[in-house]
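With the hints as your guide, set chain U onto chain Y.
From first to last, the protein sequence lines are chains Y and U. So in the numbering used here, spot 19 of the first sequence is number 19, and the numbers just go up one at a time. So in the numbering used here, spot 54 of the second sequence is number 54, and the numbers just go up one at a time.
These aren't lab readings, by the way, just hints derived from the structure by calculation. Ideal Cβ placement from N, Cα and C applies to all residues, glycine included. Any given hint might turn out to be false.
[Said to hold, decoys possible] Computed footprint of chain Y on chain U, listed as stretches where at least three residues anywhere in the stretch have a Cβ under 8 Å from a Cβ of chain Y:
#, segment
1, 13-26
2, 34-44
3, 71-80
[What the hints assert, rightly or not] To spell it out: a stretch of chain Y is covered by chain U in this simulated footprint if at least three of its residues, at any positions, have a beta carbon under 8 Å from a beta carbon of chain U; those stretches are:
#, segment
4, 9-17
5, 67-73
6, 101-112
7, 118-128
Spelled out, the chains give:
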Amino acid sequence: MDTVAIGFTRELGPILTALVVSSRSGSAFSAEIGTMEVTSEIDALRTMAIDPIEFVMTPKYVAMMIMMPCLTILSSTFGILAGGAFMYITTKIRLSMYLRYIFNSIDLSDVLIGLLKSLVFATIIVNVGCMEGFRTQGGADAVGRSATSAVVRSALLVILADAFFTAIFYLVKKY
Amino acid sequence: MKVLEAIGSRVLDDLAYVGGLTIQFWSGLRASPHVLPFMGKRGRWLAAIRQMVAIGVEGLPMVGIMSVAAGFILAMQIGSELKRWGAL
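This is chain U alone, in the form it adopts within the complex:
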C-alpha cells in the first residue's frame, strides 16, 4: 500500500508541475508583447537584448566546439564503416 501511495503522490506532484509549467507558459506568452521593440516597454527590450548576448554570443563558442567535435566524430565513424564495406 505504501508503494502505491508513494507512486500516486509522485504522479500527482509531476502533474501539478506540468500544470504549473503550462500556466506559466501562457502567462509568459501573454506578457511577451510588453518586451517587443516599438510596442513594448523600453527597459524590458533592453533586458531582452542583454539576455540575448548572454544566451547567444557568450554561448556560441561552447556550441561551436561541441558541434565541430560531433560532426568530426560522426563523419569519422560513418567513413570507417563505409570503408569496411568498400563503399568509400
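If we strip away everything but chain Y, and leave its shape as in the complex, we get:
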C-alpha cells in the first residue's frame, strides 16, 4: 500500500500526467503555432507590434501552470483509489481503513515534491511545444513534423528532468 501511495504522489502521478498532457496539448500547441507561422500570422502580429510570445504563448503557459498541478493531484487520487479497489477485491480491506493507512504513509513533502515536479514538467511541455511551432518552416508537412518533434522532445526532456529531480531529492534525503 505504501508503494502505491508514495509511488503515485512522488513519481507516477506527475510523470503520467506530463506524458498524457505532452502528447495531447504539446502537439496541439506546436501544430497551432506552426500553422500560424507558415500562414505568416506570426509575422502579421509582429507587424502590428504585438509580441507573439505574449499573445500566443503566455496564455498557454499560465493555463498549463494552473492545470498541471490540478491534474497531477487528480491522477494520484485516481491511482491510489484504484489500488484501494484492488485491495478490497483481493483482501476485503475496507476503503476507510485503506485510506487511513494511506494518509499515515504519505508525508506532505511527498505531495509537495510531486507538485514541484508537475510545475517543471508544465514549463518544459509549453516551451518545447511553442518552440517547435515557432521554428516551423515550409508547408503543411512541416506542421506535422513539428508536432511529432514536440511530443518526442518534450517526453524525452520530461523523463530526463524527472531523473534529475529524483537524483537530487535522493541525495538531499541521504545527506
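Positioned in the frame of chain Y, the structure of chain U alone reads:
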C-alpha cells in the same frame, strides 16, 4: 573526421536549441503578468481560461483512465509478489 564533425554539429544544434528554450522561457515569464486577471489584459485572461479548459477539463478523462489502470496494475503486481513471499 566526418563523424567528429557530425557529432560537433549535432551538439552545437542541441545547445542552440536549449539556449532558445531558455530565452523563450524568460520572455514568457516576463510577459505572464499581462495574462493574469485584474492586472493583465482581459482578452489574454479569457484566452488563458480557454486553454485551461482544453488542457485540464478535456484532458481529465484520459489522465483518469491511465491513472486508474496504472494504480490497478501496480497494486496487482505488488500484491502477487507479497502473496508469493507470504506477506499478504
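Cross-check of the supplied hints:
no.: 1; hint: 13-26; in the structure: holds (count 5)
no.: 2; hint: 34-44; in the structure: holds (count 4)
no.: 3; hint: 71-80; in the structure: holds (count 7)
no.: 4; hint: 9-17; in the structure: holds (count 4)
no.: 5; hint: 67-73; in the structure: holds (count 4)
no.: 6; hint: 101-112; in the structure: violated (count 0)
no.: 7; hint: 118-128; in the structure: holds (count 4)
Of the numbered hints given earlier, the model fails hint 6 alone.
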